[in-house]
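Using the hints provided, position chain B relative to the given structure of chain A.
Going down the list, the protein sequences come from chains A and B. For the first sequence, position 52 (counting from the first letter as 1) is numbered 52 according to this note's numbering, and the numbering increases by one without interruption. For the second sequence, position 244 (counting from the first letter as 1) is numbered 1244 according to this note's numbering, and the numbering increases by one without interruption.
Quick caveat, the hints were computed from the structure, so don't treat them as lab data. Do not take every clue at face value.
Computed cross-link-like contacts, SDA-like style, restricted to lysine to any residue with a CA-CA straight-line distance of at most 25 Å [claimed, not checked]:
hint	chain 1	residue 1	chain 2	residue 2
1	A	K125	B	I1015
2	A	K125	B	T1010
3	B	K1047	B	E1217
4	B	K1089	A	V262
5	A	K122	B	T1156
6	A	K122	B	Y1244
7	A	K125	B	S1073
8	B	K1055	B	P1108
9	A	K122	B	T1074
10	B	K1128	A	S22
11	A	K125	B	K1055
12	B	K1128	B	T1156
Pairwise CB distance ranges (calculated) [what the hints assert, rightly or not]:
hint	chain 1	residue 1	chain 2	residue 2	range
13	B	A1003	A	I161	21 to 31 Å
14	A	F157	B	P1014	51 to 61 Å
15	B	D1007	A	S251	33 to 43 Å
16	B	S1091	A	P170	36 to 46 Å
17	A	R54	B	S1091	55 to 65 Å
18	B	S1008	A	N33	52 to 62 Å
19	B	K1055	A	N33	25 to 35 Å
20	A	L148	B	S1091	33 to 43 Å
21	A	R278	B	E1057	57 to 67 Å
22	B	L1131	A	S251	21 to 31 Å
23	B	S1091	A	D195	16 to 26 Å
24	B	S1212	A	W46	35 to 45 Å
25	A	F209	B	E1171	52 to 62 Å
The beta-carbon is built from N, C-alpha and C at its ideal position, and this holds for glycine as well.
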Amino acid sequence: MRVIYTVQKVIVRGESRLISASHFAKAYQDVINAFKQWRIWVLLGWQDIQLRYRRSMLGPFWLTLSMAITIYSMGFLYGHLFKMDLQSYFPYLATGILTWNLISTSLIEATDSFVNSEAYIKQIKLPYSCFILRMIFRNTVIFLHNVLAFIPLIFIFHIPINGYSLLILPALLLICFNIAVYGNVLAIIGTRYRDIAPIINSLIQVTFFLTPIMWMPSLLPDRYHFAVHWNPFAHFLNLLRQPLLGQPLSSDTLYMVAIITVLGVILFSLLFAKARSRIIYWL
Amino acid sequence: MAAINLDSVTIEFPIYNMDARSLKKRLISFSTGGTLLKGAHETIIVKALDNINIKLENNDSVGLIGSNGAGKSTLLRLLAGIYEPTQGKMSVKGRISTILDMSLGLNPEATGYENIIMRGILLGYTKKQILAKLDEIAEFTELGGYLSAPVRTYSTGMMVRLAFSVVTSIEPEILLLDEIVGAGDAGFIEKARTRLTNLIKNSNIVVLSSHSLEIIEQLCNKVIILQKGQLKFFGDCKEGVEKYRKHAY
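The following block holds chain A by itself, in its conformation from the complex (with noise of 0.2 Å):
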């Protein structure tokens, strides 16, 4: 056998690497470029929903059909064991489950989305930032084939549709903003400890009881209440949930939200200057 390599034994864990500002501007730089390059993570994102409905008849519009048959279905049920006023619940659980979908679907999947970039990343030097948006943006279209399930109740519930109703273009773009900063950070943990990805995944569907989406926070006793005050989920659901009702947002939500932002880019900016050159050796 003839020895190969230079090989050398270290503990990392000794080892500390401090973040210059070069890896702060190549850190830019990527995200910067990703977005020069949008006709990749357009495209690569559109070729996912296509790729997944190419042999189906209705094709992506199958998303809105069980979108649909999901909160009708729900909104019966839940309604009915819960007591709740249709007029009131339905909409409300609507609303919820859409909201939650894109932000729940976009987590888990932004966990291994350089891992399920594999191929391309050891192929083709491109921004790192590109797989999160080609993920964002599938993400995104497929939320906008779900709202269409969302149509007929406004009708049916007379839902109002007002000046509130104009926030939902900046509260949408806002939740895909967190998406990517945060879906950033998952996505490079993920990559480097592989056990991420089932834990995200099971946190997320205990989330889901946790956050007031079948649920309405009236129902908890007041002692209660921080359980949902403290959740960010909680408010990020708000965030999208109030102006598609065209209710005005809680100012309480959106103190949350901007403090949440704020930690994620810095959370973000810190952790992606610092490892972004690594992320191909732990692929």
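Just chain B now, with coordinates in the frame of chain A:
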């Protein structure tokens, strides 16, 4: 104008064992002060390229030779910008096109045509520009009707034809090929050779690795010999191939 300049470039990369890849195991070892699972976060660092100095200019066609694990693929990935040097400086000027592994960056579920368009966009072209070249690329592949079928139904040779046709049709200034030219049937190899020769004439840089010294002798004017991550020879093709044969690195 294409140019590549490597100035004492070193690449070291970590190879993780399964324990180091698990967050759970890392946390356990952390909470027990690292004594329970000794070695759980010991990572082997491999010096894949060691202090490499290379200067490539227009019309250079370079053959990479060396035994398995000598660092050929690492060097190609470094030139492609996929690996970043851990030490030293590197500058690469020119639009790069690559075929670096047998997955070729093709999407197995998409058709041949879709893959052509996708690869073009990945290389920074607009859909219009690629559509304008589509017929020419399709003709070069000689795949005919198969181009409408998903790539997963292709044989390896067919995939190589497709990938090679795309990356060479869109006029790369720097073309990097890893063990590609040897694949495919004799007819295609001949065609590929003509196309590469033309590319090289048009003042582009081509770097290709191959275990076949014949292919390198026919296509290249320079040779890089790598051994255990170190540059053993960089210079004239004939001289290098002779040296390689004699020493059998």
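For this session: May I ask which of the numbered hints given earlier this structure violates, with the numbers listed in increasing order?
Result: 3, 4, 6, 8, 10, 12, 13, 15, 17, 18, 20, 21, 22, 23
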